[in-house]
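Undergrad: If you're matching them up, the sequences are chains A and B in order. Residues in the first sequence are numbered from 1 upward in steps of one, following the working numbering. Residues in the second sequence are numbered from 1 upward in steps of one, following the working numbering.
Hints in this document: simulated from the structure, not taken from any laboratory. Quantities reported herein were computed from a predicted structural model and do not represent experimental measurements. Hints are supplied without guarantee of correctness; some may be wrong.
Copies of the same chain are indistinguishable here, so a pair counts whether it falls within one copy or spans any two.
[To be verified] Calculated cross-link-like contacts (lysine to any residue; reagent style SDA-like; alpha-carbon spacing at most 25 Å):
#1 Lys-35 to Ala-107
#2 Lys-49 to His-119
#3 Lys-99 to Thr-29
#4 Lys-85 to Glu-106
#5 Lys-49 to Thr-83
#6 Lys-35 to Arg-112
#7 Lys-25 to Gly-84
#8 Lys-99 to Gly-84
#9 Lys-49 to Pro-34
Number of protein chains: 2
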Amino acid sequence: MASPIPQTQSTLEQRETYSLIGANKVNGTNIYNPKGDHLGEVDEVMIDKLSGKVAYAVATFGGFLGLGQSRYALPWSVLSYDTGKSGYVVNLDADTLKKAPRYENEAELSDREWGTRLHDYYGIPPYWL
Amino acid sequence: MASPIPQTQSTLEQRETYSLIGANKVNGTNIYNPKGDHLGEVDEVMIDKLSGKVAYAVATFGGFLGLGQSRYALPWSVLSYDTGKSGYVVNLDADTLKKAPRYENEAELSDREWGTRLHDYYGIPPYWL
Numbered sequence: 001m002a003s004p005i006p007q008t009q010s011t012l013e014q015r016e017t018y019s020l021i022g023a024n025k026v027n028g029t030n031i032y033n034p035k036g037d038h039l040g041e042v043d044e045v046m047i048d049k050l051s052g053k054v055a056y057a058v059a060t061f062g063g064f065l066g067l068g069q070s071r072y073a074l075p076w077s078v079l080s081y082d083t084g085k086s087g088y089v090v091n092l093d094a095d096t097l098k099k100a101p102r103y104e105n106e107a108e109l110s111d112r113e114w115g116t117r118l119h120d121y122y123g124i125p126p127y128w129l
Numbered sequence: 001m002a003s004p005i006p007q008t009q010s011t012l013e014q015r016e017t018y019s020l021i022g023a024n025k026v027n028g029t030n031i032y033n034p035k036g037d038h039l040g041e042v043d044e045v046m047i048d049k050l051s052g053k054v055a056y057a058v059a060t061f062g063g064f065l066g067l068g069q070s071r072y073a074l075p076w077s078v079l080s081y082d083t084g085k086s087g088y089v090v091n092l093d094a095d096t097l098k099k100a101p102r103y104e105n106e107a108e109l110s111d112r113e114w115g116t117r118l119h120d121y122y123g124i125p126p127y128w129l
């Protein structure tokens, strides 16, 4: 899989900036903290049909955080892709992730009041603004 | 699957406006023209990792358009979801779909020049603007 052409920093940046990915391929992608501890995986990508925006990555935090198979919705913007790790990095401590607003069923993810609460919790503007 | 509560127009609108969907569930969704002819299916949803926007629905137009298993990238905004049909409707004639810019491999979808050409072809602004 070695590239015959040496990659310059600018082509790497460009590739990362512009690159599209099949939503399917995001599922199962590992999530790490900045120290490199494996936190969990992306289970599903939730998209907003109307605005065409990615709303949430639904993640499970199994091993390191010990949250079993519970599903957590992470605003897409808290995930940054790290090509070196081939995974997403979230710069949030375990306690913050553990205490984040939960949801009972998938329909609740569409609820804007719930969504506002989640984005407020993470201190970021909602994806629909 | 009958709802015990009669749906008013406003709740239907609200549901459609706000509803999120798992990207996985979009795959395989049927695509129709406004007359109701079945054109094909969504094969994959391509998302832009950085902007968090849905870029394209990669579609196959098998039967009606006779385009075999060729994959076409449709800007997300040309698809509108029709709850009655449980599928997407594209208001474009067969000839327009057939003559749309093609791509050789998935990496080409990330190319902004190609993307500009595709969006120009459909007369809509690129998803990244």
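Undergrad: Tell me, which hint numbers fail for this structure?
TA: 1, 6 and 8
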